[in-house]
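Engineer: What follows is the residue order along each chain.
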Amino acid sequence: MSETIDKKKKHRKSKGQETKATSRPSGGAEAATLDVVTEPVMGLDHSIYLPTMARIAEVQDITEREKFYRVELERPLGHRPGQFVMLSRLGVGEAPISISCGPRNDNILEMVIRRAGSLTQVIHGLKPGDLLGVRGPFGSGFHLRELEGHDILFVAGGLGLAPLRSLIQPVVTQAERYGRITLVSGCRTPADELFRDEVKSWGKIPNVQVVRLVNETQHMPWDGEVGLVTAPLQSLPMDVERTIAVLCGPPVMYKFVLMELAARHLPFERIFVDLERRMKCGVGKCGHCQINDLYCCQEGPVFRFSDIAKLREALS
Amino acid sequence: MGAFLAPKTGILGWIRELANNHLVLFPQRTGSASYQFEAVNERSQLDFEDFDSPVPRPGFRASSNGTPPGKALLPAREELFRFRRSEDGRIEFFPTLDDRPRILAGVRPCDLKAIHLMDLVFDSGQKDSHYLTRRSHTAIIAHDCLQPCDEHCFCDAAGSLRSRDGADVFLTPLEGEILVQCLSDRGEELVANAGFTPCDDAESRLAWAEAQRAQPFGRQLPVSVDELPEIIARQWDSNLWHKHSERCFSCGTCNLVCPTCYCFDVRDDLQLEDPSGGVRERHWDGCMLPDFAEVAGGHNFRGEATARQRHRVKRKFEYLTKRFGLGSFCVGCGRCGHQCTAGIDIYDIVKDLAEAGA
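Keeping their order, the protein sequence lines are chains Z and R. Read left to right, the first sequence gives residues 5 to 320 (the working numbering). Read left to right, the second sequence gives residues 99 to 456 (the working numbering).
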């Protein structure tokens, strides 16, 4: 407790100074201990690339390649569903990671991290108590109010369930505010399924229907269906006048799911897609996430499909 | 704002004078034919032909050969912040903001326009204090071009020849003299002690210079640069993209020499001298490099050289133009075409597109 007070004092002091721009360790300027800053950092004496530090509270193996992380931040993240953070391990690097939890008032951030490169490899080796750098939240995300009163169709492919969970959680916990809620969630094999118990529990909520699929069982026990996520879309009851579809999955999934939804005459204005791009900054500068004249980190990663339907590099 | 007349031979003396008290970056010959913007010191051999020569000469090639001056504001490798674990176990951050005053001198209109565009990019949305700090401590002495730098120039067609925004001092070559115009308070300060003669008929001098300007000025395009976004937007499936990219080595040289290429990668480095700390840096990156748009799952949204070429051209003439509304992001300096190993010239691509789509 006394440590917290100490930190606050230091923060006030550094805020009160007329700060001159340069502050290198060798320059003798007082270090900005940004892990204790409690307000958004503004002004040119700070850097938009500075992370705040977060402590890993919990790690769970969920598949062979994916781990679930619950981290404790210095302050509530204040995110919308569908936003992302720039996550880093100091000395190793930084990458965009989807937020997996719904909006919350505490200091918790949940993410699913797939081992896909050197940074995620290192993060997979971390334990509770270890520190991560977090910047954000970034990106457009979803506005829950726009979805209320509609039937919601979620289509998740593989790791796409991780970002979608940030939207499904707040929707199903207030299911009475929506019409029919449907989740079609597919993955390669039973061993690749994310959040199995939680997904099943969503299916027990009145008004919520869950269809779980795998491409193949590979002789593992499986209590869902076998096939692609497109199959149930052909026969699901759907009131196209009041349905909003939200898709998140690998590039190949979008093409076929969108074909099915078009066949059911669901207007593009009521289809949302959550896209993946390489990102280095999260703030619309580095150029990596550019989709024609849009930046995935600014206008996306959640796009209304009607806004990007004509952009040729958006989906593949 | 003040206007002065200086003898042609006086400009370089003034630059040297400024360099006694400031960091002055000025184009200097680094190889047989290459110029780079480097710090002026007492050993510097300044041979700024436009200013040296008593008669206007057609060719001063600093602009089209060397690294653009704007790259001094966005170095190839730049520290964003240092971090260190303190003795009580907390992580401390030290943002690296470069506020050393400096002067960029010998900047041509094309590069001035490019810097103005970069200012906009890094100032829009979340402000990039690293670029903006360096920029706000950088004065710019720019000058007019009455002749194209070389056969690659198409700055007039690209709409940057008459750029003045962002300059503190602007020089216009006259007969035997240079018109020195102060465009900002900072510019007034730089000129204050130069001993130049006040000029009260700057407008007529400028009109004289305008009359001397080469016509046509450099390579021209069949349509106005303002029409290009729409014309190019219609030609996604044109076979011209393939025609102009089949020789591309995807080496990224065009990105490196472009005054408006600012894409970057962010990397961490641990410090050998202090294992408890390290540094996060940004490095230039380039959209022509094959893995630029590759995501973690392995999918590459621009896996083919044709797609990358199209992206680069559209970014310069269409995407960023639409996004920022300040005209073309290609300023027509001609560097990429001049430097390309395979001889691919963005001017040829755009000219073909303009002819096919007009």
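Be a bit skeptical, because a hint or two may be false.
Distance condition first, Cα-Cα at most 27 Å in a straight line; then the derived DSSO-like pairs of lysine-lysine [what the hints assert, rightly or not]:
| hint | chain 1 | residue 1 | chain 2 | residue 2 |
| --- | --- | --- | --- | --- |
| 1 | Z | 259 | Z | 208 |
| 2 | Z | 314 | R | 449 |
| 3 | Z | 314 | Z | 204 |
| 4 | Z | 314 | R | 225 |
| 5 | Z | 259 | Z | 131 |
| 6 | R | 420 | R | 341 |
| 7 | R | 420 | Z | 314 |
| 8 | R | 449 | R | 225 |
| 9 | Z | 131 | Z | 71 |
Worth flagging that the hints you see were computed from the coordinates, not collected in a lab. What you are looking at is a predicted structure, and each value in this text was computed from that prediction instead of being measured.
Engineer: Next, verify each hint and record whether it holds.
Structural biologist: Do the hints match the structure? See the list:
Between residue 259 (chain Z) and residue 208 (chain Z) the alpha-carbon distance is near 30 Å, which puts this suggested pair outside the 27 Å criterion. At most 27 Å may separate the alpha-carbon atoms for a hinted pair to count; residue 314 (chain Z) and residue 449 (chain R) meet this at roughly 25 Å. Among the hinted pairs, residue 314 (chain Z) with residue 204 (chain Z) is inconsistent with the structure: their alpha-carbon atoms are about 37 Å apart, more than 27 Å. Of the supplied pair hints, the one linking residue 314 (chain Z) and residue 225 (chain R) is violated, its CA atoms being roughly 30 Å apart against a limit of 27 Å.
For the proposed pair residue 259 (chain Z) and residue 131 (chain Z), the alpha carbon gap of about 38 Å is over 27 Å, so the pair is violated. Distance restraint check for residue 420 (chain R) and residue 341 (chain R): the Cα-Cα separation of roughly 26 Å lies within the 27 Å cut-off, and the hinted pair is therefore satisfied. Proximity of residue 420 (chain R) to residue 314 (chain Z) is assessed by CA-CA distance (about 16 Å); at most 27 Å being required, the pair is judged to hold. Only pairs whose Cα atoms come within 27 Å are accepted, and residue 449 (chain R) paired with residue 225 (chain R) is rejected, the gap being roughly 35 Å.
Using a Cα cut-off of 27 Å, the hinted pair residue 131 (chain Z) and residue 71 (chain Z) holds, with the two alpha carbons roughly 11 Å apart.
Violated hints, listed in ascending order, are 1, 3, 4, 5, 8; each of the other numbered hints is respected by the structure.
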